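Enquirer: Here is what each chain is made of, one letter per residue.
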Amino acid sequence: MLSKKASCDSHGQDSSYFLGWQEYEKNPYDQVQNPNGIIQMGLAENQLSFDLIESWLASNPDALELKRNGESVFKELALFQDYNGFPAFKNEMVDFMASMRGNKVKFDPNKLVLTAGSTSANETLMFCLADRGDAFLLPIPYYPGFDRDLKWRTEAEIVPIKCTSANGYKITETALEEAYQQAQKFNLKVKGVLVTNPSNPLGTTMTRLELNHLIDFAIEKEIHIISDEIYSGTVFNSPSFVSIAEALTERNLEDAEVWNRCHIVYSLSKDLGLPGFRVGMIYSNNQAVVSAATKMSSFGLVSAQTQYTLSQMLKDKKFTANYMEENQKRLERRKEMLVCGLKGAGIRCLESNAGLFCWVDMRHLLQSNTFEAEKKLWKKVVCEFGLNISPGSSCHCSEPGWFRMCFANMSEETLMVAMQRIKALVESTIVPQQTGLSKSRWLKNKWVFQLASYEQEPDR
Amino acid sequence: MRMLSRNATFNSHGQDSSYFLGWQEYEKNPYHEVHNTNGIIQMGLAENQLCFDLLESWLAKNPEAAAFKKNGESIFAELALFQDYHGLPAFKKAMVDFMAEIRGNKVTFDPNHLVLTAGATSANETFIFCLADPGEAVLIPTPYYPGFDRDLKWRTGVEIVPIHCTNSNGFQITETALEEAYQEAEKCNLRVKGVLVTNPSNPLGTTMTRNELYLLLSFVEDKGIHLISDEIYSGTAFSSPSFISVMEVLKDRNCDENSEVWQRVHVVYSLSKDLGLPGFRVGAIYSNDDMVVAAATKMSSFGLVSSQTQHLLSAMLSDKKLTKNYIAENHKRLKQRQKNLVSGLQKAGISCLNGNAGLFCWVDMRHLLRSNTFEAEMELWKKIVYEVHLNISPGSSCHCTEPGWFRVCFANLPERTLDLAMQRLKAFVGEYYNVPEVNGRSQSSHLSHSRGQSLTKWVSRLSFDDRCPIHGR
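So the protein lines, in turn, are chains A and B.
Under the working numbering, the letters of the first sequence match residues 1 to 460, in that order.
Under the working numbering, the letters of the second sequence match residues 461 to 933, in that order.
Honestly, the hints are just simulated from the structure, not real lab data.
Wrong hints could be hidden among the right ones.
[To be verified] DSS-like, lysine-lysine: derived pairs with alpha carbons at most 25 angstroms apart:
id, chain 1, residue 1, chain 2, residue 2
1, A, 75, B, 781
2, A, 379, A, 343
3, A, 67, B, 530
4, A, 315, B, 529
5, A, 75, B, 521
6, A, 67, B, 529
7, A, 329, A, 317
8, A, 151, B, 613
9, A, 75, B, 530
10, B, 521, A, 67
11, B, 529, A, 75
12, B, 553, A, 26
13, B, 647, B, 683
14, A, 4, B, 613
15, B, 488, B, 842
16, A, 75, B, 488
17, A, 111, B, 488
18, B, 807, B, 886
19, A, 75, B, 647
20, A, 375, A, 26
21, A, 104, A, 315
22, A, 4, B, 683
23, B, 781, B, 521
24, A, 4, B, 647
25, A, 75, B, 792
26, B, 780, A, 75
27, A, 315, A, 106
28, A, 75, B, 683
29, A, 375, A, 75
30, B, 781, B, 792
Quantities reported herein were computed from a predicted structural model and do not represent experimental measurements.
Based on the provided sequences and hints, a complete structural model is requested.
Expert: Below, the structure written as structure tokens:
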């Protein structure tokens, strides 16, 4: 009766990534109302800098009240459904994107296509670049939502580029070539590579070397590059962020064919913390892509009300500069808190300089080096210790034992509670059970013992 | 290897049709009361601009709605983070109440069966993704909204097979037409998954009769297929007969959750036409089938409604005093405006289908065609766009089977501009339509025919043209 798409589970929403959310929904932590509930650490939201935006909005009421110089623009906005987007908003967006890249690159508003969130942008690009059954290569681990966003309705395929902790998950020439061969083996036509830079779930920025490997690869195979740069504004530490646009410009490739095959996805959901407003975009130097994507954006336009409010806000360069700087400071501080807290529990993370999460190494807590053991550990973490974190398997990681933990979607107090629970988890996992002692006293003694022995562990 | 996908490369987005080309001409030379009085008047855009004052005055009295506040408290962070594809509960409640109110509260809707989407464009495409696989088909009565070719077929890979409706019975859907369309699909090896109707109809501006709705229900029941009723114009039914929703007819026929057909009847809605808010991208899918709701909800990730907009409109629609007044006043103004268009056309010797809804009239210009062909229709259309400077939509762009019909919008421009448009049309008809059989005469001599002679021919044509009486349905 229904289509195959509606009937099957190729929407990918049965993965543990989403199941963890469901558990959280049933029993969400609240400092006052439900202190034993599950703490949400699986949601990559940026809640650290709302005060800055709120205070700007309070000082600039016209932006929300839909006024321009005191005059109502309600009617103009109510009628504005032009898929070319609100010009003032697109102009501000390209300036904002450029400033985030240290103004080392410039963007043309006519090459920008607005979409209802980057979820829509990614799917739209796939519809533009891949036919049913074509494939895109993605480095693992990757954002679990891609299985739905890139494959579900487009019927495109994803072939993983194997990255491992052996070299900090960097993309290598070998891994790229192997993925390509793998696709060929399955008779899949490879149309491009999609990378997320900064990476989700790793929280790291791509190096220039990686970007150059990628560009060389795309030139050789004559395929596309989609660079999802939605976390570009969350880079809080060196090395600084290098966009694919910058890498291409550095190599003077503006006139090369590959220039027309590189596309950037952006969104205000992570940097500005506004996922509810559904503001995403595609940037491409390829006129045909811009044209097709523009028409497709009809299926997910950004509300004119929102375009107006944000165009006013982004116009204030003093505000955006201050916001970016302060936001990055706060993210760095919060990340450090998480890293220290984990260290205190003897847990290390991948060294990261961006994003809203850490890529956490819990391999030593696995009963065996298997995904079954990872799942078992994950269930324990969620159900017994009340932390919703994302298991690496849901991100298609090739090595069991890694987890993504978010740090920017909760208060500092909540993060500290989470860290205490992690410590308790570690004790319960490593130390064998003992009878006759009350659990809390046993845990306290063991915790002190554990902390002493882990203090010597080098930081990663 | 082709660089881009088929979707991006070919023009199956349907945007090369005259419907969109007319817009392009308008964009190049738009009419302006002061700055460009000879420009093209846009009568191809089904927008409702008649009641903004009501919304603006409500906004002025209720600043909290736009200001991210609720009971004086800031809810900015809550809204900024709200990306739940189940939608803002208060907004969904307000939407279902509004939808029920438009239907005279003869039916009620359950907010848990409502899925919000970024406009009806997104809702319609999502429905097709949920109900049909690539290569399958959906039946749609002609004439239909040109955008459907893009919305329903482009990325879904689904086909549209037309249900031919003609003027002989006022373009109503018949059993025969339904059956013929189904057979046609079978002949082309296309598996039919459903029927999609727009009620009130775009471009006809008429509501479906109870009889048509019964026919449709029997048909989908018999074939075991779906029925999607796009009711985005439901709030614009300004005249009798009153609007009957497919949900009402299901109730009439005592079809409830225990009957099979219950699960296969779905409604699309939007605030773009009734409230005149196409820029805010608010559409909705309503289905009695839990699986459809579940799948559509996930798919709505690709086109969610901005939480900022959901908050504003939930406050607005929750104000029952506003909605009651708005619905009544909207009807009144649309009715008056349609009357002005009809009488203006009449003065030019042009009749329309008797319409009781929508933001446009379905205008009969068959008597102005050089021949009963679509080439002649295109010729006439080009003259109207390029010479008379009116952008109207030719019936062929709506897949009408009979040449000579045009959709003319009346609610997207001020009254005085509408009057001007009618004057231009009258002048055009008067000047051109006296001797269509004359060939080889120069333009100037053609125009130099006296008013008197052209008037005579015009009058005589009118009196012999009894194929379609004025206001016939």
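Enquirer: If you draw a straight line from the CA of residue 488 of chain B to the CA of residue 842 of chain B, is it 25 angstroms or shorter?
Expert: Distance ~15 angstroms between residue 488 of chain B and residue 842 of chain B Cα, so the pair holds.
Enquirer: For the pair we were handed, residue 375 of chain A and residue 75 of chain A, check the Cα-Cα distance against 25 angstroms.
Expert: Violated: residue 375 of chain A and residue 75 of chain A sit about 53 angstroms apart, past 25 angstroms.
Enquirer: Need the status of pair residue 75 of chain A, residue 781 of chain B: alpha-carbon distance at most 25 angstroms?
Expert: Satisfied, since the Cα-Cα distance of roughly 21 angstroms is no more than 25 angstroms.
Enquirer: Straight-line Cα separation of residue 75 of chain A and residue 530 of chain B no greater than 25 angstroms?
Expert: 24 angstroms, holds
Enquirer: Quickly compare the C-alpha distance for residue 315 of chain A and residue 529 of chain B to 25 angstroms and report which way the hint goes.
Expert: The given pair, whose Cα atoms are some 23 angstroms apart, holds under the 25 angstroms limit.
Enquirer: Taking only the CA atoms, is the gap from residue 151 of chain A to residue 613 of chain B under or equal to 25 angstroms?
Expert: 19 angstroms, holds
Enquirer: Are the Cα atoms of residue 379 of chain A and residue 343 of chain A separated by 25 angstroms or less?
Expert: Between residue 379 of chain A and residue 343 of chain A the Cα gap is close to 22 angstroms, so the pair holds against 25 angstroms.
Enquirer: Is it true that the CA of residue 529 of chain B sits at most 25 angstroms from the CA of residue 75 of chain A?
Expert: 22 angstroms, holds
Enquirer: Regarding the pair residue 111 of chain A and residue 488 of chain B, is the alpha-carbon distance no greater than 25 angstroms?
Expert: 21 angstroms, holds
Enquirer: Is it true that the CA of residue 75 of chain A sits at most 25 angstroms from the CA of residue 521 of chain B?
Expert: 16 angstroms, holds
Enquirer: Is it true that the CA of residue 104 of chain A sits at most 25 angstroms from the CA of residue 315 of chain A?
Expert: 20 angstroms, holds
Enquirer: Is the Cα-Cα distance between residue 4 of chain A and residue 613 of chain B 25 angstroms or less?
Expert: Measuring from Cα to Cα gives roughly 16 angstroms; hence the hint holds.
When the structure is compared with the earlier hints, violations turn up for hints 19, 28, 29 and for no others.
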